[in-house]
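A.B. asks: Chains as they are written, first to last, in the working numbering: chain A, 8 to 255; chain B, 8 to 255; chain C, 8 to 255; chain D, 8 to 255.
Just so you know, not all the hints are guaranteed correct.
Stated by the list, open to error - Straight-line Cα separation of at most 30 Å, BS3-like style, residue types lysine-lysine; simulated pairs:
| id | chain 1 | residue 1 | chain 2 | residue 2 |
| --- | --- | --- | --- | --- |
| 1 | A | Lys77 | B | Lys24 |
| 2 | D | Lys224 | B | Lys77 |
| 3 | C | Lys77 | C | Lys224 |
| 4 | C | Lys52 | C | Lys24 |
| 5 | D | Lys77 | C | Lys24 |
| 6 | B | Lys52 | B | Lys224 |
| 7 | C | Lys52 | C | Lys77 |
| 8 | C | Lys224 | C | Lys238 |
| 9 | D | Lys24 | D | Lys238 |
| 10 | A | Lys238 | A | Lys24 |
| 11 | C | Lys77 | A | Lys24 |
| 12 | B | Lys238 | B | Lys24 |
These are computed hints drawn from the structure, not numbers from a lab.
This one's a predicted model, so the numbers in the text were calculated from it and none came from an experiment.
There are 4 protein chains.
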Amino acid sequence: MDDITIQIARDENIGGKILIEGLPGVGQVGKLVAEHMIDELGAEKIAEITSIYFPPQVTINEEGITELAKNEIYRYETDGRAFLFLVGDFQSNSSEGHYLLSDAYLQLAQELGVQRVYTLGGYGVGHLVEDIRVLGAVNHPDLREEVEAQGVLFTRDEPGSGIIGASGLLLGLGSGYGIEGICLMGETSGYIVDPKSAHAVLQVLSRLIGLVVDETKLEERASEMEALFDKIRDMEEKRSQEELSYIG
Amino acid sequence: MDDITIQIARDENIGGKILIEGLPGVGQVGKLVAEHMIDELGAEKIAEITSIYFPPQVTINEEGITELAKNEIYRYETDGRAFLFLVGDFQSNSSEGHYLLSDAYLQLAQELGVQRVYTLGGYGVGHLVEDIRVLGAVNHPDLREEVEAQGVLFTRDEPGSGIIGASGLLLGLGSGYGIEGICLMGETSGYIVDPKSAHAVLQVLSRLIGLVVDETKLEERASEMEALFDKIRDMEEKRSQEELSYIG
Amino acid sequence: MDDITIQIARDENIGGKILIEGLPGVGQVGKLVAEHMIDELGAEKIAEITSIYFPPQVTINEEGITELAKNEIYRYETDGRAFLFLVGDFQSNSSEGHYLLSDAYLQLAQELGVQRVYTLGGYGVGHLVEDIRVLGAVNHPDLREEVEAQGVLFTRDEPGSGIIGASGLLLGLGSGYGIEGICLMGETSGYIVDPKSAHAVLQVLSRLIGLVVDETKLEERASEMEALFDKIRDMEEKRSQEELSYIG
Amino acid sequence: MDDITIQIARDENIGGKILIEGLPGVGQVGKLVAEHMIDELGAEKIAEITSIYFPPQVTINEEGITELAKNEIYRYETDGRAFLFLVGDFQSNSSEGHYLLSDAYLQLAQELGVQRVYTLGGYGVGHLVEDIRVLGAVNHPDLREEVEAQGVLFTRDEPGSGIIGASGLLLGLGSGYGIEGICLMGETSGYIVDPKSAHAVLQVLSRLIGLVVDETKLEERASEMEALFDKIRDMEEKRSQEELSYIG
């Protein structure tokens, strides 16, 4: 088996110039935005990524069918413009895996014709935020003006000095692939799945990509996601417990 | 040396269409059922699996002979039908190893002609259970009806949202090999080697595979296994202690 | 992607016989000395090293541009003598990675014509030091006399019994490349970025390589570095927090 | 660089039929016995093993020269019989590394003509022992009688159910190389470098290999080794401290 496996629908219409990443992270802001967009737009799944760098377990869906830990790519086309979405429940569980997975995402993106990636995340500030700012980072100086024009802040001291995981590495490694990278981070407490921060990020993203998405269900989705995370935390505890049962 | 080594008896009669997995896990339910079946039926060992993903140690058998950490495959044939059993004392000690070992088991299963794998385990509920339910998961929708017909429950919220280790991955990765996968999980407190939960799982499995196994010694085996685990926990503590002695 | 990637300016004048290493370590002594020299001398960057053994994150520079975690090599030439500097913010985050990165640095050094490497570091004593001693170690007996002549101490019991990370491995692995190795360690409390210890090490190094560097800004640089480290510690805490957000 | 590197004196007389392993472990019993024998017999070093699975650091010898973490093989010949000794300060720092290093030792042993390996260790009982027993394990049933004849005990319940690290794996993996393996374990509290346990093991080993070694300096060597370990523990603490200084 390969360390990373990509199963992709081999079809005529799977390409796209814009990739939007929303994997798990602080406040699940990126995940919430990307999955909300997929649902609202009715994007279609075109690829699945499984990997030995994901947790060694299967999930069980509502029909009782097991599914390997996986991330997914969806596609939505409108007026001749195609958008791809990278979403899922997992990031790597090792440092090396983070690099190798992000590189695999970029290779796939390149094959699909992606020219720009937007990575979405939360910027945890540790307290409730009234007026949520959206912070930005880019992987090429030419991109900054366009992003700032939509109200995104580039501050000297925030976010700390780095972006962790796929949201950062897709920009950092993306340069080597000639793919433009823009990271949008909504302020969030970091303690809950945060629909308000997601709202702020979605507003900015919508203007940047010229695509309007209904936001009325965002709050509802955040509640569902919170419930899901409770279950997942439960599973994680079970995993710790179970690993004690593996002799040796 | 290979990362995973399979030593197999190259013989005419080593194949089988059904593989039953009972590796260590919560309540040792799967291990207890599978090893009980092997003993009662007089199944014969046909393969041994050793791996750098197992703990770096040898066990000493009753004759004072060292044995590498290993898992084993046994075979039992009756009326022209052959059953294979995957048992042993170990699962991987790394996340990546879980995937690679499960994949190696499946490759071997495919070579042996396996068309369906039953993975057996416990579902830890954290308290004593009076009426033990057997929960199920399958890797293809077509399999569910057959399993439900034997009283196995497919509930929306249990087991949490996942199955960890080989019991899960053999189903998840099995799809890619075209191997049907059914996981049976007996409710158990999770604190002891649980013969009652094993009894419940064995009942269901017997009906599913059409093979009756005497159960009178199940309780006795559970006691022996509990004693073995005490020794193993002792060894684990020794390992922690010993590793402190490795300079550097 | 390669496990370690070296991007190097392919130019006529990139070689040098002397390599000075100042990666992060106790009291940031080596880092402070090497970066101070680069700034004062106006050395030019000739290579960048990125790796899956570095933390999986990007930093954001003052212009809002993301940068992969990387180490760098600078070059300064004067009177026909060329000096190379290996600096950066990272060492490996795994034991194996330490070896593989140090070996990659040495391969590159060999290609660049390096005949001798000076590795710089702090020797943490756990308390404030009045008269800072500079301790030494070499990878060949012939080197000792030259180093002792500049006041460097070779004591039987210090530094403990070893040198950890690149500062040690560049000497240990360097022998195999036929590269002379000298390690200079300034005593330091270990609690702060220590300009006084850096001063002591720089004094010795200047005499050894016959290159005078203005030291007036050393204290100032230490303060800046201390502020940077505060930010980095902040980021590290954020990383721990964020990893809790990666499901699975 | 290779994951494991063996530098061996290519000479006519480097072979030997007996290999004696004394790497670090509980009570440093095996290390003490093997290093004592090397010193008393005046055995000569014929090989050095370095590896990325050892700690990423160099030690500094009495002359101030750095040395990579390494294990060593010594050789002693008398009356046409040659004995090899595997000693050093390190075992692997990863589970996989334990397997890969032990396998590399065995490959080398096979090249050198080794037919039998004695692995030496302590069996920690957690309290002071008056009459020290020597416990045994072998990798082939035929070996047991010869070992029992020298007073070595094969008990059903000790040592726990396993032998950890090289002492165990050289036996377990040795079978595949056709190399006979005998493990001798002296009872020890596990809290100190234990010359009394080493004495008991050495007595048995001497009779088994037919080689008398003066024991008067065994106690003295234990004291020196204890002092060395104090230094090493100190270094380990320093390593933890230093790693906090590696940004990222």
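A.B. asks: Next, verify each hint and record whether it holds.
C.D. replies: Hint by hint, here is what the structure shows:
Distance hint between Lys77(A) and Lys24(B) is fulfilled; the C-alpha atoms sit about 29 Å from each other, no more than 30 Å. Taken as a hint, the Lys224(D) and Lys77(B) pair is broken in the structure, with Cα atoms around 42 Å apart against an allowance of 30 Å. For the given pair, Lys77(C) sits about 25 Å from Lys224(C) by alpha-carbon distance, which is consistent with the 30 Å threshold. Proposed proximity of Lys52(C) and Lys24(C) is supported: the alpha carbons are some 16 Å apart, at most 30 Å.
Pair hint Lys77(D) plus Lys24(C) holds up; C-alpha atoms about 29 Å apart against a cutoff of 30 Å. Of the pairs offered as hints, the one joining Lys52(B) and Lys224(B) holds, with about 21 Å between alpha carbons and a cut-off of 30 Å not exceeded. Distance restraint check for Lys52(C) and Lys77(C): the Cα-Cα separation of roughly 13 Å lies within the 30 Å cut-off, and the hinted pair is therefore satisfied. For the hint pairing Lys224(C) with Lys238(C), the CA-to-CA distance comes to about 22 Å; that is within 30 Å, so the pair holds.
With a CA separation close to 36 Å, the supplied pair Lys24(D) and Lys238(D) exceeds the 30 Å bound. A threshold of 30 Å between alpha carbons decides the hint, and for Lys238(A) with Lys24(A) the separation of about 36 Å lies outside it, so the pair is violated. For the proposed pair Lys77(C) and Lys24(A), the alpha carbon gap of about 29 Å is at most 30 Å, so the pair holds. This hinted pair does not check out: Lys238(B) and Lys24(B) have alpha carbons roughly 36 Å apart, beyond 30 Å.
Hint compliance for this structure: hints 2, 9, 10, 12 are not met, and every other hint is.
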